[in-house]
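Participant: Position chain S relative to chain W; hints supplied.
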Amino acid sequence: MGPPPRLLDAGEAALVAEFGSAVDPAINDRVLALDDALRADPPAGLHETVPTYRSLMMHYDPLVLDRAALAARVVALADAAGAGRAAPTLWTLPCCYAETSAGEPCGEDVAAIAERTGLSAARVAGLHAGATYRVYMYGFAPGFAYLGGLPRELAVPRRAKPRPPHPANALLVGGGLAAIGTVPMPTGWYVIARTPARLYAPERDETFPVAAGDRIRFAPVDAATFSALERRAAAGEVVARREAYAGDPAP
Amino acid sequence: MSPRLAILAAGPSVTLQDAGRHGYLRYGITSAGPMDALAFDTANRAAGNPPGATAIEVSAGGITVAAKGGPLGLVLASTGFRIALDGQALPAAVALTLEPGRTLAVRAGSAGSWCYLAVCGRIAVAPVLGSTATHTRSGLGGLDGRALAAGDSLAIDAARAGAGDPQALVAPWLDRPADTIRVVLGPQDDAFAADQIAAFLDGPWTVAGRGDRMACFLDGPRLTHARGHDIVSDGIAMGAIQVPGEGLPIVLMADRQSTGGYPKIATVIGPDLGRLAQAQAGTRLRFAAVSIADAVAARRAEAACLAPEIRVEPVVRTAFPSELLLGLNLVDGVVDARG
Numbered sequence: 000m001g002p003p004p005r006l007l008d009a010g011e012a013a014l015v016a017e018f019g020s021a022v023d024p025a026i027n028d029r030v031l032a033l034d035d036a037l038r039a040d041p042p043a044g045l046h047e048t049v050p051t052y053r054s055l056m057m058h059y060d061p062l063v064l065d066r067a068a069l070a071a072r073v074v075a076l077a078d079a080a081g082a083g084r085a086a087p088t089l090w091t092l093p094c095c096y097a098e099t100s101a102g103e104p105c106g107e108d109v110a111a112i113a114e115r116t117g118l119s120a121a122r123v124a125g126l127h128a129g130a131t132y133r134v135y136m137y138g139f140a141p142g143f144a145y146l147g148g149l150p151r152e153l154a155v156p157r158r159a160k161p162r163p164p165h166p167a168n169a170l171l172v173g174g175g176l177a178a179i180g181t182v183p184m185p186t187g188w189y190v191i192a193r194t195p196a197r198l199y200a201p202e203r204d205e206t207f208p209v210a211a212g213d214r215i216r217f218a219p220v221d222a223a224t225f226s227a228l229e230r231r232a233a234a235g236e237v238v239a240r241r242e243a244y245a246g247d248p249a250p
Numbered sequence: 000m001s002p003r004l005a006i007l008a009a010g011p012s013v014t015l016q017d018a019g020r021h022g023y024l025r026y027g028i029t030s031a032g033p034m035d036a037l038a039f040d041t042a043n044r045a046a047g048n049p050p051g052a053t054a055i056e057v058s059a060g061g062i063t064v065a066a067k068g069g070p071l072g073l074v075l076a077s078t079g080f081r082i083a084l085d086g087q088a089l090p091a092a093v094a095l096t097l098e099p100g101r102t103l104a105v106r107a108g109s110a111g112s113w114c115y116l117a118v119c120g121r122i123a124v125a126p127v128l129g130s131t132a133t134h135t136r137s138g139l140g141g142l143d144g145r146a147l148a149a150g151d152s153l154a155i156d157a158a159r160a161g162a163g164d165p166q167a168l169v170a171p172w173l174d175r176p177a178d179t180i181r182v183v184l185g186p187q188d189d190a191f192a193a194d195q196i197a198a199f200l201d202g203p204w205t206v207a208g209r210g211d212r213m214a215c216f217l218d219g220p221r222l223t224h225a226r227g228h229d230i231v232s233d234g235i236a237m238g239a240i241q242v243p244g245e246g247l248p249i250v251l252m253a254d255r256q257s258t259g260g261y262p263k264i265a266t267v268i269g270p271d272l273g274r275l276a277q278a279q280a281g282t283r284l285r286f287a288a289v290s291i292a293d294a295v296a297a298r299r300a301e302a303a304c305l306a307p308e309i310r311v312e313p314v315v316r317t318a319f320p321s322e323l324l325l326g327l328n329l330v331d332g333v334v335d336a337r338g
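Sequences listed follow chains W and S, in order.
For the first sequence, numbering that gives the first Met the number 0 assigns the number 0 to the initial residue and increments by one for each residue that follows.
For the second sequence, numbering that gives the first Met the number 0 assigns the number 0 to the initial residue and increments by one for each residue that follows.
So here's chain W without its partners, still in its complex pose (with noise of 0.2 Å):
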């Protein structure tokens, strides 16, 4: 199952689990069999965990949960989780690369990563569109979503300078990853598309509809279609597919 986990402690309330220091899918993994472990059976004292590319983040309360408790706790299930993950959701979200029907550009900066990248504007959206992204984890915003799995064809470097705030729900690029992009922020990230999909909407009951370790599609659609699921959305619906996904293709 690999070595066993380097434990750092982030103050006396906090017990980090490192599974590694890069951006890889088997550490991501590691990490997420770990969390899974965890929050099936969580001891007493543990607040909430956060999983991110390659750490397991233990928040707790030091006067319930002992530290050396915990650590025993981590090494014993790191070393027997892994194995038998449930098998991720597979998602398909419809985005739209095209102005929307109010005329607004969807993809507002794929004309500056065509540019970068010397591929046509068509090409750029086609590539994005054809791959098969990871959801490494959330962070910097709420429903901020990182994925690996972006073309190598499209692997821009980040902005010197963050440009105006990103529409809501923007599928974003920038230094070889993708993301998206719920709540609009300044970015560094060069936004591609736009999806109709929220993965963040406090007032559905399903919050957060994806987790880490799921696995994103993107299916391209007319402005048309764009601006009816855009509604939908809006009053509640999640507008995504989802299956199990049957696993990565054999290299």
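Please keep in mind that the hints were generated in silico from the structure rather than gathered at the bench.
All residues carry an ideal CB built from backbone N, CA and C; glycine is no exception.
Take the hints with a grain of salt, since some may be wrong.
Claimed, not checked - Which stretches of chain S does chain W cover? Using the computed rule of at least three CB atoms under 8 Å from a CB of chain W, they are: (1) 24-34; (2) 254-265; (3) 296-304.
Unchecked claim - With the C-beta cut set under 7 Å, the calculated list includes, among others, these residues of chain S facing chain W: (4) 124; (5) 128; (6) 137; (7) 183; (8) 185; (9) 186; (10) 231; (11) 232; (12) 233; (13) 234; (14) 236; (15) 238; (16) 268; (17) 269; (18) 291.
What the hints assert, rightly or not - The following label-pair restraints were derived from C-beta to C-beta distances: (19) 156/W to 174/S: 47 to 53 Å; (20) 201/S to 161/W: 32 to 38 Å; (21) 234/W to 79/S: 48 to 54 Å; (22) 202/W to 81/S: 54 to 60 Å; (23) 62/W to 189/S: 24 to 30 Å; (24) 193/S to 1/W: 26 to 32 Å; (25) 175/W to 221/S: 52 to 58 Å; (26) 125/S to 3/W: 41 to 47 Å; (27) 227/W to 306/S: 43 to 49 Å; (28) 241/W to 247/S: 41 to 47 Å; (29) 175/W to 306/S: 50 to 56 Å.
Facilitator: Using the frame of chain W, we list chain S on its own:
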């Protein structure tokens, strides 16, 4: 109809906070919650509210409030804030009843950056994702996800009249110097050579003027990284001290992002988070590395402060402004010395 607390004036960053929005860091949602949990807990405890009840976190920008539709019991917990009831100065930690028609003003003073105002009763705001804590950057919690402003009016459910005449809180634990802030080294102390760890602990550091609920910025010696300043993002605890490329440490506080990609040289221990949060710009401090066991012992000692009932004592005046002397009813005992 339930009485209301009317906000007559509010500086920037005056927000409603409860104990924080927990359980959603994994989705990028920051916990928010009070900058100084000990002062926040003290205010709620003295107000007779349950732990973690929604209270007003008053920034250095101050607040002015009035009661509408009935008297309201209030508790203010701070060190160094200037609190005045119709112009009459009160202690920085005080319980009182605010009668309709009177005005309570809270302003920053010689010490402290945050004052907590708890209402005896329940501030009626709807929780979002299980919490009323305001996180203005993402527009969550409080009143429409924003800071309080003049013209706001908070409905108070199950209001109680509280202390009556102003009573000083006996809460010496609120008086915490920030000259030494205890830290646990890590999680990325290995990104720094030994001499840089020593320089970090030696300081001295000066609290810079540009801090807010998200971070406390420090001026002092520039630290260098052993192997560059980028790491693959991982989780950020409140109190994490990250060192970005330019070398000046930043302590990440209640409104921090949930994850980040700079090495974190150390983490401020829980009991010293409020101490640091209260430090005004210009405060000079050093960091002291402690063990996990020492940090847990400090946490236990802090929890013990609030275990017994918080005592109050009559307000003892040290200065008598003329308008006060003229308005005084010399029969009712307001000016009695303690005891």
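Participant: Look at each hint and say if it fits the structure.
Facilitator: Right, here's what the structure says about each hint:
Coverage of a stretch by a chain is defined here by at least three residues with a beta carbon nearer than 8 Å to that chain's beta carbons; for the region 24-34 of chain S and chain W the count is 5, and the condition holds. For the region 254-265 of chain S, the stated coverage by chain W holds: 5 residues have a C-beta nearer than 8 Å to a C-beta of that chain, and at least 3 were required. Counting residues of the region 296-304 of chain S whose C-beta lies closer than 8 Å to any C-beta of chain W gives 3; at least three are required, and the coverage claim holds. Taking 7 Å as the C-beta cut-off, the interface hint given for residue 124/S is violated, the closest approach to chain W being about 15 Å.
Hint on residue 128/S holds. Least Cβ distance to chain W is approximately 6 Å, under the 7 Å limit. Here the hint on residue 137/S is kept, as its CB sits about 5 Å from the closest CB of chain W, short of 7 Å. Look at residue 183/S: its Cβ gets to within about 5 Å of chain W, closer than 7 Å, so that hint holds up. Because the smallest distance between the Cβ of residue 185/S and any Cβ of chain W comes to about 5 Å, under 7 Å, the interface hint for this residue holds.
The beta carbon of residue 186/S comes within 4 Å of a beta carbon in chain W, closer than 7 Å, and the hint placing it at the interface holds. With 7 Å as the threshold, the beta carbon of residue 231/S comes within range of chain W, its nearest partner Cβ sitting at about 5 Å, so the hint holds. The beta carbon of residue 232/S comes within 6 Å of a beta carbon in chain W, closer than 7 Å, and the hint placing it at the interface holds. Contact between residue 233/S and chain W, as hinted, is supported at the beta carbon level, the nearest pair being about 5 Å apart and thus within 7 Å.
For residue 234/S, the interface hint holds, the least distance from its beta-carbon to any beta-carbon of chain W being 3 Å, beneath 7 Å. Hint status for residue 236/S: holds, given a least beta-carbon distance of 4 Å to chain W, under 7 Å. With its C-beta approaching chain W no nearer than about 6 Å, residue 238/S sits inside the 7 Å limit, and its interface hint holds. Given the 7 Å rule on beta carbons, the hint for residue 268/S holds: about 6 Å separates it from the nearest Cβ of chain W.
With a least beta-carbon distance of about 6 Å to chain W, the hint placing residue 269/S at the interface is held under the 7 Å criterion. Because the closest C-beta pair between residue 291/S and chain W is about 5 Å apart, less than 7 Å, the hint holds. A hinted range of 47 to 53 Å holds for the C-beta pair residue 156/W and residue 174/S, which are about 50 Å apart. Taken as a hint, the range 32 to 38 Å holds for the pair residue 201/S and residue 161/W, whose Cβ atoms sit roughly 35 Å apart.
Checking the proposed 48 to 54 Å range against residue 234/W and residue 79/S shows it holds: the Cβ atoms sit about 50 Å from each other. Judged by the Cβ atoms, the range 54 to 60 Å given for residue 202/W and residue 81/S is violated: they are separated by roughly 41 Å. Checked against the hint of 24 to 30 Å, the pair residue 62/W and residue 189/S passes, with Cβ atoms roughly 28 Å apart. Restraint check, residue 193/S to residue 1/W: a C-beta distance of roughly 30 Å satisfies the suggested window 26 to 32 Å.
Distance hint check for residue 175/W and residue 221/S: the Cβ-Cβ separation is about 30 Å, which falls outside the suggested range of 52 to 58 Å. Distance hint for residue 125/S and residue 3/W: a CB-CB separation of about 45 Å, consistent with the stated range 41 to 47 Å. Here the CB-CB span from residue 227/W to residue 306/S is close to 59 Å, at odds with the stated 43 to 49 Å. Under the hint 41 to 47 Å, the C-beta atoms of residue 241/W and residue 247/S, about 46 Å apart, fit the expected range.
In this structure the hint that residue 175/W and residue 306/S lie 50 to 56 Å apart at CB holds, the actual value being about 53 Å.
The earlier numbered hints that this structure contradicts are 4, 22, 25, 27.
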